[in-house]
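The listed protein sequences correspond, in order, to chains P and H.
If you're matching positions, the first sequence starts at 884 in our numbering and goes up one per residue.
If you're matching positions, the second sequence starts at 884 in our numbering and goes up one per residue.
Rather than coming from a laboratory, the hints here were simulated on the basis of the structure.
For glycine and all other residues, C-beta sits at the position ideal for the given N, C-alpha and C.
Check the hints yourself; a few may be wrong.
Stated by the list, open to error - Here are some chain H residues pointing at chain P (derived, C-beta under 10 Å):
{"#": "1", "residue": "Ala1119"}
{"#": "2", "residue": "Gly1155"}
{"#": "3", "residue": "Arg1157"}
{"#": "4", "residue": "Ser1160"}
{"#": "5", "residue": "Leu1164"}
Said to hold, decoys possible - Taking CB as the label site, the calculated pair distances span:
{"#": "6", "chain 1": "H", "residue 1": "Arg1010", "chain 2": "P", "residue 2": "Ala911", "range": "49 to 59 Å"}
{"#": "7", "chain 1": "P", "residue 1": "Arg1095", "chain 2": "H", "residue 2": "Asp952", "range": "51 to 61 Å"}
{"#": "8", "chain 1": "H", "residue 1": "Arg978", "chain 2": "P", "residue 2": "Arg1010", "range": "38 to 48 Å"}
{"#": "9", "chain 1": "P", "residue 1": "Gly907", "chain 2": "H", "residue 2": "Asp952", "range": "42 to 52 Å"}
{"#": "10", "chain 1": "H", "residue 1": "Leu1058", "chain 2": "P", "residue 2": "Ala1077", "range": "50 to 60 Å"}
Claimed, not checked - Which bits of chain H does chain P cover? Going by a derived footprint, with three or more residues having C-beta under 8 Å, they are:
{"#": "11", "stretch": "954-962"}
{"#": "12", "stretch": "1024-1035"}
{"#": "13", "stretch": "1073-1084"}
There are 2 protein chains.
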Amino acid sequence: MSSTQVGIDLGGTAAKSGRITHTGEILAEKTIDPGFADGPERVLDRLADLFRELGGGDALGIGVPGLLDRERGIVLTSPNLPGFSGLDVKSGLARRTGLPPERVHVENDANAAAVGELWLGAGRGERDALVVTLGTGIGGGLILNGQLHAGEGLGGEIGHVVVDPRGPRCGCGKLGCVEALSSATAARRRALAAGLPAEHPGDLVLLAQRARDGHAPERELMREIGRDLGRGLGPALCLLDLRLYIFGGGFSGALDTLEAGIREGIEERSFGGRAASVRLLRATLGPSAGWIGAARVAIAAG
Amino acid sequence: MSSTQVGIDLGGTAAKSGRITHTGEILAEKTIDPGFADGPERVLDRLADLFRELGGGDALGIGVPGLLDRERGIVLTSPNLPGFSGLDVKSGLARRTGLPPERVHVENDANAAAVGELWLGAGRGERDALVVTLGTGIGGGLILNGQLHAGEGLGGEIGHVVVDPRGPRCGCGKLGCVEALSSATAARRRALAAGLPAEHPGDLVLLAQRARDGHAPERELMREIGRDLGRGLGPALCLLDLRLYIFGGGFSGALDTLEAGIREGIEERSFGGRAASVRLLRATLGPSAGWIGAARVAIAAG
């Protein structure tokens, strides 16, 4: 008999969720406002209601941004989820849903999205890939031998590989991280510095379109941003001999305009002429990758 | 009943070998001159003789420097083994020893050494580690979840992670690779540039001793070399959240003088305050790591 799981991708402004069978058939999807203003206990109440409204399931997986104790299902720190630092999400949701605690799984959101893309998205059937989320920041999830590889919890953090020790300061405090050079935020800063209009996040879509249409300043800008991203991926090729990179997140819509630069950057920071064999794919699950991956994590662990 | 394996670590000037049980009991060890001047077929003859002289075994593992087709047991390119590029080592040794081909395993030498150190050396009982060989160059082998992770064959190549894109040129053609900054060769070059005596490889031992004895120029030199090495390890922490690094090779005798710098470099190129939790160990199997690991690879595959 087919088992069903519920996955939730909990962000600061939305909880995306769905119910799915272990063979990947999506039975329901729903997005709610988690309402963080009412405090973390009320958020957990709403997530448990969501679980029931979707029809319930044999297990529940939840992806959250931040640093976790994944074993115990406790959020250690989460700057984006008010009140969640220190929260025992596993016990809280188990109690509210009636699931045994071992059927509730808490995972980092970027890792969950990576699992989702490898299961049903761009990486379907693949064993090894780095899934890079290009948004206001840059996150990542690493899959090796078909398994999520998160080390003690912070694996796949491609965003903080240093590309240029003399580069701009990153939010993490270091200089020249990939995130400080190639995130959507960094792209807008670089566009403005180049005299191109990029006051609003949506402007990046227009800049990418102009690059596509052959306008030189936009094309060169995207190439440079891509090159720094590729330089950040070089160590993954050196350390892991990894050939598949999947890009999700809002800025991944510009992947076609970044690709030439990404390949140059990888070539520059790896060796053995492997850059040509590297595959760069755009994620295909969009904003559903997180909840689908969270559900998959629950299946894998169950 | 206990099965026994023979491992060989084939280098340009010596073939180190031994016979070992699957539980790690060393039954015999022997080192010979492979005699590359007589051509690759004669080298394989000698290695088969060596297998017999050691007492034979249920399987044979051999580590070779270079790029391999590990599945088929063919050396693709090996600058250090004259005549071996393109050689079908698996078939050649199977025919000569009478072993079925599926019992002969060919592995990259740095990978084999990593497997050896995790099995019986400094990484005994560990699941995840990067084993770094500090010699005239810098090689590496990556173990994740207790398994060698070589990707399509070139994994663990920490030596070619770029630390400083404005740094000195590496043998691979790029600028500022770890190998160009922190190998024994680079260390001697940097010592000479600092006005310290380092004409001969053995001089590094004296420089390390003077650093240990508190002489400021040597101490600062070792710290700087260590710092660049640590900067190269930073991406491994970002990508893999890897906390254990084991150092072998001739220059690893200076690890105690490099350590402060290594930790500074890791801290500088990672985030989350994890540098303090990183363990830096010196390899304990010395020149036997390669053949022991090669034998272990044969056991694992058998």
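Comparing the hints with the structure gives:
Hint on H/Ala1119 holds. Least Cβ distance to chain P is approximately 6 Å, under the 10 Å limit. The restraint placing H/Gly1155 at the interface with chain P holds, with a minimum CB-CB distance near 6 Å, inside the 10 Å limit. Annotation: interface hint on H/Arg1157 holds; nearest CB of chain P at approximately 7 Å, less than 10 Å. Satisfaction of the interface hint for H/Ser1160 is found here, the shortest Cβ-Cβ separation to chain P being roughly 8 Å, below the 10 Å cut-off.
The interface hint given for H/Leu1164 is broken, as the beta carbon of that residue sits about 18 Å from the closest beta carbon of chain P, more than 10 Å. At roughly 38 Å, the beta-carbon separation of H/Arg1010 and P/Ala911 lies outside the given 49 to 59 Å, and the hint is violated. For the hinted restraint 51 to 61 Å between P/Arg1095 and H/Asp952, the CB-CB distance of approximately 40 Å leaves it violated. Between H/Arg978 and P/Arg1010, the C-beta spacing of about 33 Å breaks the proposed range 38 to 48 Å.
For P/Gly907 and H/Asp952, the Cβ-Cβ distance of about 34 Å falls outside the hinted range of 42 to 52 Å, so the restraint is violated. In this structure the hint that H/Leu1058 and P/Ala1077 lie 50 to 60 Å apart at CB is violated, the actual value being about 26 Å. Under a criterion of three residues with beta carbons nearer than 8 Å to beta carbons of chain P, the stated coverage of the stretch 954-962 of chain H fails, only 0 such residues being counted. Under a criterion of three residues with beta carbons nearer than 8 Å to beta carbons of chain P, the stated coverage of the stretch 1024-1035 of chain H is upheld, 8 such residues being counted.
Closer than 8 Å: that is the beta-carbon criterion, and the stretch 1073-1084 of chain H has 0 residues meeting it against chain P, so the requirement of 3 is violated.
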